[in-house]
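Counted the way numbering that gives the first Met the number 0 counts, the sequence shown spans residues 0 to 140.
The hints are simulated quantities; they were obtained by calculation from the structure and are not laboratory data.
The beta carbon of each residue, even a glycine, is placed where N, CA and C say it ideally should be.
Treat the hints with care, as some may be off.
What the hints assert, rightly or not - Each pair of labels, with its calculated beta carbon distance range:
id, residue 1, residue 2, range
1, Y32, I76, 43 to 51 Å
2, I11, D37, 43 to 51 Å
3, N67, T108, 39 to 47 Å
4, E94, Q116, 17 to 25 Å
5, F110, L19, 40 to 48 Å
6, G97, E3, 32 to 40 Å
7, F110, L38, 14 to 22 Å
8, Y131, S54, 34 to 42 Å
9, E94, P47, 31 to 39 Å
10, G97, I5, 22 to 30 Å
What the hints assert, rightly or not - Dumping the calculated DSSO-like pairs for lysine-lysine here, alpha-carbon to alpha-carbon at most 27 Å:
id, residue 1, residue 2
11, K88, K64
12, K88, K71
13, K106, K88
14, K106, K71
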Amino acid sequence: MTDEKILQNNLIRFLSILLLIAMAMCDTENETYIKRTDLVSITEFSIPDSTISVSDTVEIQATAKVNNGCWKDLHFIYTELNDTAYSLKAYGTFESHGTCPTVEVSKDTSFDFSPVQEGYNLFFVTRNPYQYTVDTLVVND
């Protein structure tokens, strides 16, 4: 192989490597894109302290809020843990391409609750990923 041919092959390899490095440096869009579903804070929760009997129906209300415009699709998940214990959590989808508008995103919910047993009914409300509140509804019969 001639020196000229070796030089030409090395130049092609060098330019190919340089082109790959340049393309990798230009692909910054994927580095800043984030999308995940996560807990959001329940900032307000309302439930009566007591009810007269098991046949009564009470309204439970809650509000989830975040101060970041990258959050969307907020929703609540209500779970019956057993006959006298219940859980309420809020979730949302966080999607960002690098910057987020400073706006409040919120979602309200309300639903009817009918206790199935007299005595204390416990509601575990997730306030944020690190804290929950226990609220009690006393059913007198």
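Structure-based check of all given hints:
{"no.": "1", "hint": "Y32 <-> I76: 43 to 51 Å", "verdict": "26 Å, violated"}
{"no.": "2", "hint": "I11 <-> D37: 43 to 51 Å", "verdict": "48 Å, holds"}
{"no.": "3", "hint": "N67 <-> T108: 39 to 47 Å", "verdict": "20 Å, violated"}
{"no.": "4", "hint": "E94 <-> Q116: 17 to 25 Å", "verdict": "42 Å, violated"}
{"no.": "5", "hint": "F110 <-> L19: 40 to 48 Å", "verdict": "56 Å, violated"}
{"no.": "6", "hint": "G97 <-> E3: 32 to 40 Å", "verdict": "48 Å, violated"}
{"no.": "7", "hint": "F110 <-> L38: 14 to 22 Å", "verdict": "19 Å, holds"}
{"no.": "8", "hint": "Y131 <-> S54: 34 to 42 Å", "verdict": "29 Å, violated"}
{"no.": "9", "hint": "E94 <-> P47: 31 to 39 Å", "verdict": "37 Å, holds"}
{"no.": "10", "hint": "G97 <-> I5: 22 to 30 Å", "verdict": "45 Å, violated"}
{"no.": "11", "hint": "K88 <-> K64", "verdict": "12 Å, holds"}
{"no.": "12", "hint": "K88 <-> K71", "verdict": "16 Å, holds"}
{"no.": "13", "hint": "K106 <-> K88", "verdict": "12 Å, holds"}
{"no.": "14", "hint": "K106 <-> K71", "verdict": "10 Å, holds"}
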